[in-house]
Amino acid sequence: MRYRFYTLYRVVAGLKQRLHARTTPLGRLLVLFTVLMMVFGLNTRQTMMYQLATICFGVMIVAFFMSFFSTPKVRVRRILPKTCTTGEKIAYVLEAENNCPQAVAGVFFREQGGSGLPTYQQYLVCLKEEGSKRNVVDSKLGYYQWRDLLRKIVGVKLESHQLPDLLPGEKKAVEISLVPLRRGYLSLTGYVLFSLDPFGLFKKSFFVSAPSKMLALPQRYPVVSGQPPKSRKYHQGGLTAAAGSGDIGEFVSLREYFSGDPVKHIDWKATARTGETIIRQFEDEYFSRYGVVVDTYTTQPGGAVFEDVLSVAASIIIDQDITTNLVDMFLASQSGVVSLSCGRGNTDQYSLLEALACADACGAFSFQTMTKTLMANLPLLSGVILILLDVDEQRLDLVRLLAQEKKSCKVIVVTADEQLTRKKLHRHMLHEAKIFPVDAAIKIVDLQ
Amino acid sequence: MSTPTLLLAAAVLFWGLESKHVLIGVLLAAIIGAEHFMGRRWKLEQDDFIRVSDLTSIIFLAAAAIILLNVDKVYFLKTVIVWQPAVLLPLLLAQIYTGQSEIVIGTRFGFRRKQAYAHEPLDFKIYYLGVCLVAAAMANSRSLLFFPFASGLLFWLLFVNRGRRFSRFVFSLAFIVVLLGGFLGFKVAETAHQYVREKTRHLMRAYYAGKYTDPFQSHLSYGNIGQLKFSGKIILRVTNNGISPGLLRQASYATYHKDTWHSKKQFEYLLVRDLGWDLQPQPHKPDKQATIEYYLPKEQGLLPQPYGSYRVTGTTLYELSQKKDGIVRIVDGAPLIRYTIFFSPDVFPPVDIPSYRNLAVQQDEKRYLAPIVDGLQLDHLTVEEKIQQVRQFFGDGFTYSLRSVAPGQYASALERFLLSDRSGYCELFATATALMLRQAGVPSRYVTGYVVSEKSTLENKYVVRDRHSHAWAEAFVHGRWVVVDTTPANWLALEKENGARFEKAQDLFSYFKLKYDHFRIGTEQNYTIVLTVVVVILTLILIFRIYRRMNAQTRRVEAQVERQKVTVVDSPFYRVMEKVSEYGIPRKQNESFLSWVAKIEQQHHIDIVALTQMFHLHQRLRFDPEGLKNDEQKHLSQLTAKWLATYGAMTPADSAFEQNSALPATD
Numbered sequence: 001m002r003y004r005f006y007t008l009y010r011v012v013a014g015l016k017q018r019l020h021a022r023t024t025p026l027g028r029l030l031v032l033f034t035v036l037m038m039v040f041g042l043n044t045r046q047t048m049m050y051q052l053a054t055i056c057f058g059v060m061i062v063a064f065f066m067s068f069f070s071t072p073k074v075r076v077r078r079i080l081p082k083t084c085t086t087g088e089k090i091a092y093v094l095e096a097e098n099n100c101p102q103a104v105a106g107v108f109f110r111e112q113g114g115s116g117l118p119t120y121q122q123y124l125v126c127l128k129e130e131g132s133k134r135n136v137v138d139s140k141l142g143y144y145q146w147r148d149l150l151r152k153i154v155g156v157k158l159e160s161h162q163l164p165d166l167l168p169g170e171k172k173a174v175e176i177s178l179v180p181l182r183r184g185y186l187s188l189t190g191y192v193l194f195s196l197d198p199f200g201l202f203k204k205s206f207f208v209s210a211p212s213k214m215l216a217l218p219q220r221y222p223v224v225s226g227q228p229p230k231s232r233k234y235h236q237g238g239l240t241a242a243a244g245s246g247d248i249g250e251f252v253s254l255r256e257y258f259s260g261d262p263v264k265h266i267d268w269k270a271t272a273r274t275g276e277t278i279i280r281q282f283e284d285e286y287f288s289r290y291g292v293v294v295d296t297y298t299t300q301p302g303g304a305v306f307e308d309v310l311s312v313a314a315s316i317i318i319d320q321d322i323t324t325n326l327v328d329m330f331l332a333s334q335s336g337v338v339s340l341s342c343g344r345g346n347t348d349q350y351s352l353l354e355a356l357a358c359a360d361a362c363g364a365f366s367f368q369t370m371t372k373t374l375m376a377n378l379p380l381l382s383g384v385i386l387i388l389l390d391v392d393e394q395r396l397d398l399v400r401l402l403a404q405e406k407k408s409c410k411v412i413v414v415t416a417d418e419q420l421t422r423k424k425l426h427r428h429m430l431h432e433a434k435i436f437p438v439d440a441a442i443k444i445v446d447l448q
Numbered sequence: 001m002s003t004p005t006l007l008l009a010a011a012v013l014f015w016g017l018e019s020k021h022v023l024i025g026v027l028l029a030a031i032i033g034a035e036h037f038m039g040r041r042w043k044l045e046q047d048d049f050i051r052v053s054d055l056t057s058i059i060f061l062a063a064a065a066i067i068l069l070n071v072d073k074v075y076f077l078k079t080v081i082v083w084q085p086a087v088l089l090p091l092l093l094a095q096i097y098t099g100q101s102e103i104v105i106g107t108r109f110g111f112r113r114k115q116a117y118a119h120e121p122l123d124f125k126i127y128y129l130g131v132c133l134v135a136a137a138m139a140n141s142r143s144l145l146f147f148p149f150a151s152g153l154l155f156w157l158l159f160v161n162r163g164r165r166f167s168r169f170v171f172s173l174a175f176i177v178v179l180l181g182g183f184l185g186f187k188v189a190e191t192a193h194q195y196v197r198e199k200t201r202h203l204m205r206a207y208y209a210g211k212y213t214d215p216f217q218s219h220l221s222y223g224n225i226g227q228l229k230f231s232g233k234i235i236l237r238v239t240n241n242g243i244s245p246g247l248l249r250q251a252s253y254a255t256y257h258k259d260t261w262h263s264k265k266q267f268e269y270l271l272v273r274d275l276g277w278d279l280q281p282q283p284h285k286p287d288k289q290a291t292i293e294y295y296l297p298k299e300q301g302l303l304p305q306p307y308g309s310y311r312v313t314g315t316t317l318y319e320l321s322q323k324k325d326g327i328v329r330i331v332d333g334a335p336l337i338r339y340t341i342f343f344s345p346d347v348f349p350p351v352d353i354p355s356y357r358n359l360a361v362q363q364d365e366k367r368y369l370a371p372i373v374d375g376l377q378l379d380h381l382t383v384e385e386k387i388q389q390v391r392q393f394f395g396d397g398f399t400y401s402l403r404s405v406a407p408g409q410y411a412s413a414l415e416r417f418l419l420s421d422r423s424g425y426c427e428l429f430a431t432a433t434a435l436m437l438r439q440a441g442v443p444s445r446y447v448t449g450y451v452v453s454e455k456s457t458l459e460n461k462y463v464v465r466d467r468h469s470h471a472w473a474e475a476f477v478h479g480r481w482v483v484v485d486t487t488p489a490n491w492l493a494l495e496k497e498n499g500a501r502f503e504k505a506q507d508l509f510s511y512f513k514l515k516y517d518h519f520r521i522g523t524e525q526n527y528t529i530v531l532t533v534v535v536v537i538l539t540l541i542l543i544f545r546i547y548r549r550m551n552a553q554t555r556r557v558e559a560q561v562e563r564q565k566v567t568v569v570d571s572p573f574y575r576v577m578e579k580v581s582e583y584g585i586p587r588k589q590n591e592s593f594l595s596w597v598a599k600i601e602q603q604h605h606i607d608i609v610a611l612t613q614m615f616h617l618h619q620r621l622r623f624d625p626e627g628l629k630n631d632e633q634k635h636l637s638q639l640t641a642k643w644l645a646t647y648g649a650m651t652p653a654d655s656a657f658e659q660n661s662a663l664p665a666t667d
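For the protein sequence lines, the chains are A and B, in the order given. So for the first sequence, this note's numbering puts the first residue at 1; every next one is plus one. So for the second sequence, this note's numbering puts the first residue at 1; every next one is plus one.
Treat each hint with caution, since some may be false.
[As the list claims (entries may be wrong)] Calculated lysine to aspartate or glutamate pairs in the EDC-like style (CA-CA distance at most 16 Å, straight line):
1) B/513 - B/459
2) B/599 - A/88
3) A/157 - B/466
4) B/366 - B/259
5) B/496 - B/517
6) A/171 - A/97
7) B/588 - A/95
8) A/171 - B/601
9) A/171 - B/582
10) B/634 - B/582
11) A/172 - A/276
12) A/443 - A/405
13) B/504 - B/582
14) B/233 - B/48
15) B/588 - A/175
16) A/82 - A/354
17) B/599 - A/175
18) A/423 - A/446
19) A/172 - B/259
20) A/172 - B/190
21) A/171 - A/95
22) A/140 - A/159
FYI, nobody ran anything at the bench for these hints, they're computed from the structure.
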């Protein structure tokens, strides 16, 4: 039965795509209106709907035929940004040029996303994931799950934009926008230029193949910053990495050379004077370095909780002042736990966001892998921010280990069931942990 | 997609004209069109839109209830649709007076507190336009102006949304072609429908004839009455002084041909006398009377009456006519009639005498009837003895059956009944009796009506159900017609056995419905005012709840604004910025003004030096705590006026031409 529903939805989606490609919203409404008037206007003595039906039908016929005479003749060049943020509208510039001897008006531009439809396997996975959220009827029909899956596959909300009127030979720039709906790579197969019939019902389209990709970074939320879980700690950063932050490495005194001291700091004049190897001693540097642990150990990739974990991590990373601090992100992948750093002259935060954009779930592995990796790197860190999917024994072990090491730690638990999570935290005496509910109307990351 | 507010106002006005609610149409059009002239807008949240949706739903249900109570059921759906522009007005007003391009429609009904279902946002204006057109068409005014007005509205809608690839001339020409084609199209549709109607009328005539008692023919459909006999629905109620009236006669027929009885006698109009109608000359002594309640199909039909009826009274009967055989036709009456019938066994219509038709037997029937009648040896018997012999014939070996039978190898069901099965229902018994009596030389006719036999303890009345419908024969004996009913006496018991299981529940429902119908028709009460008041109160409650919340929000916003007052600076440089934006080069997000004009300068000559100077003065005017001095403000005004005088009248193409002209010529 599910396969029949899937087939039905697939056929309807295909027809809908073709209809949307050929008609405008007004055109679709008029088609529906005409059909209804024809059906209900059969009895010409009972109503006058037959008159509406004939005139609407006439409009459609004339519009359909005249749409073949409206070929758009414009040349465009677009420069797509490499990255964007999920849920936020991005704008970029499109240059339109009219190479024809006549003026051009009424031409529309629209990006073309991937037109693939979900496979049956993808549909089944989606049904299984969202089954508990829907009532019995919706679970059986599976329509809402299909609709959400379609949006995920397309990944981007595209709109048609009207290009400005162009005189012969004229070139103009116009701002185009689109809204990414999910993170990860978004494929655009090209773009469509179309113009309308005189009544604005049917489109005459011309597709230009121009494949391109954009990386949609995770959605970000406002962050309420508190004191970050850090203390300033000695790091062998060196003057080149200090760059004016922390204490400046000023000359303090001369002393005898000890094995292991850097050779470049040897004061040769003093050495020649005294006959002993003397080096210049500088003031120690201090800056903060802390870790952000991103929990991706789940068997439900693409779920709201998993996506919000990545979004919370992205929000925190962007919020940090990387001119004075170093941020290490610990992220699990299929090949193990990776650590990426940004700040203090190293890569910027967007590199970490790109990693988050491509992150996938690692349900097959154990959280203990993350614990081991973090503990190995712990001596370098001033503090740790844990962004967790769940509260279970393995995750609690990590929190206890951090407490034993007297390492400053902030815990944020992303959850779909706030009540249950609150009970768990209370039971394990984690009163200071913050809960981030995925179904909150307004989402804020609280780091206080 | 653009739907101008004035177009919606025109559509509502069009609806008012077509549905003959002109004043309401004008009022609604004024309310909608006023938005165009109002500068203020409402502020509504998603919750408020959902409340408006619920309000609209309540109005719709209340309107449907009022219409159901006050309009004939046949016109219920049509009336509901015609009134939709008024019912859906709140949703439209919510959209246009908030200035939003899309609104959320949803409901809280059936959800827990603070939960609601919200549909995806949609532009309701275009749907409202469609509703107005459909409602106007549904009103079916048959006005010649419908087509031009509807075309005008469609032209307006298409014009504002037209494709700009084509000129207005092409658009208009195309629409003229559409108009001509549309006009031709609907004329063809009218003609085609008329043709189809004529053709189907003949086919459906026989089907519809069987549904209601036709005074001019009764067709033996091998199940017409047979099907009715299975139904326990109460169609008649008889109240009298404890005496059962027995048979109620409704129609009689004289000619039999091919399974159908016909009557050719004409009805004559009955005059009212003393708030009633005299059916026959009154007897010397008034005898019996009964009160009958009867649901009249289509508010006309034949009057069920006991034998010997001479007078009828009733306020729910409006017009009657009568045939010479005493059959009364209700030309006009209420859907539920209640009348008092006066009857006496001594009364019979003096003009009701048999004609040659009452003795006619067709050859097809004579073929098998003659041997049967000859076998009874009725030639030398009196009329009463002949009737008795026929009764005995059917009483001996004939049984009652509810099964409908096809003729099979016989020419007709009647022949099969008489020669083979010897079992059938009342129609067959009555037909056979009438024809056999005719064959024996006794004038006879076929009569249909009802049998009153069952008393309802619930209502304390005699109830006549569908299964009590009956057919019998009448024979003319010594100057009067007498009943000759040869159907086996156990037919009523057999019918009762096959009654519905839930008859008692059906009777209870039927009883309450009767009471309500009497109250509604009898009191002629107008519920419109009552329900209108209820709807108005509900509407006011919801409006108050929405407005109260809106008011509170407005006050809070104002309070915040008072704490943080911002003085708006009116700088003449804004006009320059507007003009610069017309050059068609968009300003990127976070791009500074100066870098933007530098980009424009590459394609159009706009005197960037002057712009930079003006921009700096403008920024100081806006952000410098000390502001600009008077002479500096004057200088800014002069610079902007000069720049606008130079570049304000030029189009971007002109400035591009100037720019290109300024460039040195190349080889």
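Inset, instruction - Mind checking the alpha carbons of residue 157 of chain A and residue 466 of chain B for me, to see if they're no more than 16 Å apart? - result: Judged against 16 Å, a Cα distance of about 64 Å means the pair is violated.
Legend entry - Pair hint residue 634 of chain B and residue 582 of chain B, alpha-carbon separation not exceeding 16 Å: Not satisfied, since the Cα-Cα distance of roughly 26 Å exceeds 16 Å.
Legend entry - Hinted pair residue 171 of chain A and residue 582 of chain B, Cα distance within 16 Å: holds (14 Å)
Inset, instruction - Verify the proposed pairing of residue 496 of chain B with residue 517 of chain B, using a straight-line Cα cut of 16 Å. - result: Distance of about 27 Å is beyond 16 Å: violated.
Inset, instruction - Could you grab the alpha-carbon distance between residue 171 of chain A and residue 601 of chain B and see if it respects the 16 Å cut-off? - result: At roughly 15 Å apart (the allowed maximum being 16 Å), residue 601 of chain B and residue 171 of chain A satisfy the hint.
Legend entry - Pair hint residue 171 of chain A and residue 95 of chain A, alpha-carbon separation not exceeding 16 Å: holds (7 Å)
Legend entry - Hint consistency between residue 172 of chain A and residue 259 of chain B [alpha-carbon to alpha-carbon, up to 16 Å]: The hint is violated at about 87 Å.
Legend entry - 16 Å limit on alpha-carbon distance, applied to hinted pair residue 82 of chain A and residue 354 of chain A: holds (11 Å)
Legend entry - 16 Å limit on alpha-carbon distance, applied to hinted pair residue 504 of chain B and residue 582 of chain B: Distance of about 82 Å is beyond 16 Å: violated.
Inset, instruction - Take the C-alpha atoms of residue 599 of chain B and residue 175 of chain A, compute the straight-line distance between them, and say whether it is at most 16 Å. - result: It holds: about 15 Å lies between the C-alpha atoms, which stays within 16 Å.
Inset, instruction - Mind checking the alpha carbons of residue 233 of chain B and residue 48 of chain B for me, to see if they're no more than 16 Å apart? - result: Status violated; Cα separation ~49 Å.
Legend entry - Straight-line alpha-carbon gap residue 366 of chain B to residue 259 of chain B, limit 16 Å: holds (14 Å)
Hints 2, 3, 5, 10, 11, 12, 13, 14, 18, 19, 20 and 22, counting from the list given before, are not met by this structure.
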